[in-house]
Amino acid sequence: MAHFEKANSIGEWLDQRLAVETLKRVLQTEYWIPKNINFLWAMGMVLAATFGILLVSGIFLLMYYQPNVNSAFDSVNYTIMSEVGYGWLWRHIHGVGASIVFLIIYIHMFTGIYYGSYKKGRELIWLSGMGLYVAFSAEAFSGYMLPWGQMSYWAGMVITNLFSGGSLHADGLVEWIRGDYVPGQAFLNRFFMLHVLLIPLAIIGLIVLHFGTLRIPHVNNQDGEEIDFDEAAKLYKEGKVKESKVIPFSPVFLSKDVLVMGVYFILFFYLVFYHFEFAMDPVNFDPANGLKTPTHIYPEWYFLWSYEVLRPFSTNIGLIAFAIAQVIFFLLPFLDKSPNVAPASRRGLFKFWFWAMLIDMLVLTFMGKLPPEGIWSVIGLVAALVFFALWIALPIITAKEKKL
Amino acid sequence: MSNKTTKGRRDFMGMALGGFTALGGLGALYAMKRTWDPLPSVKAAGFTTIDLKDAPENVLITEKWRGKPIFVLKQSKEMMAKTTEKTKKRLIQIGDAHYMVSVGLCTHLGCIPGYNPEKESFLCACHGGTYDATADVTKAPPPRGLDIPPFKIDGTKLVLGETGPEYEKMLADGTTLAV
Numbered sequence: 001m002a003h004f005e006k007a008n009s010i011g012e013w014l015d016q017r018l019a020v021e022t023l024k025r026v027l028q029t030e031y032w033i034p035k036n037i038n039f040l041w042a043m044g045m046v047l048a049a050t051f052g053i054l055l056v057s058g059i060f061l062l063m064y065y066q067p068n069v070n071s072a073f074d075s076v077n078y079t080i081m082s083e084v085g086y087g088w089l090w091r092h093i094h095g096v097g098a099s100i101v102f103l104i105i106y107i108h109m110f111t112g113i114y115y116g117s118y119k120k121g122r123e124l125i126w127l128s129g130m131g132l133y134v135a136f137s138a139e140a141f142s143g144y145m146l147p148w149g150q151m152s153y154w155a156g157m158v159i160t161n162l163f164s165g166g167s168l169h170a171d172g173l174v175e176w177i178r179g180d181y182v183p184g185q186a187f188l189n190r191f192f193m194l195h196v197l198l199i200p201l202a203i204i205g206l207i208v209l210h211f212g213t214l215r216i217p218h219v220n221n222q223d224g225e226e227i228d229f230d231e232a233a234k235l236y237k238e239g240k241v242k243e244s245k246v247i248p249f250s251p252v253f254l255s256k257d258v259l260v261m262g263v264y265f266i267l268f269f270y271l272v273f274y275h276f277e278f279a280m281d282p283v284n285f286d287p288a289n290g291l292k293t294p295t296h297i298y299p300e301w302y303f304l305w306s307y308e309v310l311r312p313f314s315t316n317i318g319l320i321a322f323a324i325a326q327v328i329f330f331l332l333p334f335l336d337k338s339p340n341v342a343p344a345s346r347r348g349l350f351k352f353w354f355w356a357m358l359i360d361m362l363v364l365t366f367m368g369k370l371p372p373e374g375i376w377s378v379i380g381l382v383a384a385l386v387f388f389a390l391w392i393a394l395p396i397i398t399a400k401e402k403k404l
Numbered sequence: 001m002s003n004k005t006t007k008g009r010r011d012f013m014g015m016a017l018g019g020f021t022a023l024g025g026l027g028a029l030y031a032m033k034r035t036w037d038p039l040p041s042v043k044a045a046g047f048t049t050i051d052l053k054d055a056p057e058n059v060l061i062t063e064k065w066r067g068k069p070i071f072v073l074k075q076s077k078e079m080m081a082k083t084t085e086k087t088k089k090r091l092i093q094i095g096d097a098h099y100m101v102s103v104g105l106c107t108h109l110g111c112i113p114g115y116n117p118e119k120e121s122f123l124c125a126c127h128g129g130t131y132d133a134t135a136d137v138t139k140a141p142p143p144r145g146l147d148i149p150p151f152k153i154d155g156t157k158l159v160l161g162e163t164g165p166e167y168e169k170m171l172a173d174g175t176t177l178a179v
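As they're listed, the protein sequences go chains A and B. The first sequence begins at 1 in this note's numbering and counts up by one. The second sequence begins at 1 in this note's numbering and counts up by one.
Treat the hints as calculated values from the structure; they're not laboratory data. Among the clues, some could well be false.
Restraint ranges, calculated between C-beta atoms of paired labels, are given here [to be verified]:
1. 32(B) x 74(A): 27 to 35 Å
2. 139(B) x 323(A): 20 to 28 Å
3. 59(A) x 6(B): 49 to 57 Å
4. 82(B) x 59(A): 54 to 62 Å
Some chain B residues flagged as far from chain A (calculated, every beta-carbon gap over 10 Å) [to be verified]:
5. 15
6. 19
7. 20
8. 29
9. 39
10. 47
11. 64
12. 105
13. 113
14. 116
15. 120
16. 127
17. 153
18. 157
19. 159
From the three backbone atoms N, C-alpha and C, an ideal C-beta is built for every residue, glycine too.
Can you build the whole structure from these sequences, using the hints too?
This is the structure:
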């Protein structure tokens, strides 16, 4: 039995048993953030908050949703939308949140690319972040199956067919994933399980890892400057707050985060209440029908760029291109050969590479939404080829970059 | 007891524990794999009989087999005139009539192509692939014509799910892949 003194306050009582003072110091008051940052550095906490909102709205949807091919559609579109008090609110928050979370993820990613926040000790931050991107993609896809509308069914059909591997004809694998020849009850049930349990568990684990990887290298800053955090922290603790290059995560940096989050949530709830329809595809308001494909199948906007990488090629090449596009961003820290951690604007050719990549992904996104005909097919093909050309060029142009 | 024997015993216990844990882990993985398999009831349900007698020419009929759409298209004289040696092999002959019977899922990624009776061709709206009236591919991305389901001819009827000599011939000469 360890020795305990009588505590004089609840705080002290908790500290004796849980070391809450130490936790607070390590995770908040002495976790140092550089001063030289801008609002883009708030996207991490914006994402964490959005994940929290998705979790809460999901819990309430879970109370009435029925994972059954005969009743799933009505449990969402009738029961939750018109019978359950405020059921529509949870659904619209969940739908809008699932879409907007990808917008913030892409901003967060491209911020990291622009400022070189994936290099020199920060590789694991990038890799765990990409792991989160993949997990969120799987979470979005599995959730999209649940209303069991036409888009749910046919997206499920098309995406699971990707696993046949083109000419490999691994139809057995596809049927194993589905638990049936076509998406059916077994399919809906297992994707329900993935959506509400297994993938969220993986996401929570990855978020903890992502925060952990940030701890030792610390967050980057606007100039990619290498900061002596011990020295800067010492200055701050001595009261030389102005001279120090850092601030504590909580409450100082967090208060900036909260300001950005405030602006973000005004926009978020504006969309939830007035423009939720952008996240609700009209085709998915027809119940799933295995004998009728919608005239035009397209994924949600956040998958369009990789869909467009798949589309212009024949099956096998398309699948290989798609598979490469899914994982190529993982390799970014290893394909960027430059020693410089600096904003793209100061990195010579990389500046053009960054903007070319961003614009190319926007073009792919727009082309993915348009029907695969005539000039759109050609632009899509060119943009897909440019995407791969840029990745091939990256190690070459970064190797030639002058050290700053 | 000397340190050496303690170490030997600990190594043995460690290896024994590790071995049994690995064994249990493999067993668990196998059980998990089997749990994801299609149920026997799903696999057993799988025979559909369709009667081709009254099928009209150049009108697409859609049946259902194993949850998948089955296209039936009776060929007209004009359509037959357009067939080649290769595409003719895709058709099922009953008496004088020729029928295109295939699984109505695009061989690219499984969307259902739509039939245009005027152009006598199929278009898959998902990725723009096209097929002719015998369901042979005419424009990529689909890698091949629509797959033909296993069938057995029984008078004017077709039993889907059973394998007859005509279907075996199609498999043997590569006209279709096994579905």
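List, from low to high, the hint numbers that the structure doesn't satisfy. Of the numbered hints, 9, 11, 12, 13 and 16 do not hold.
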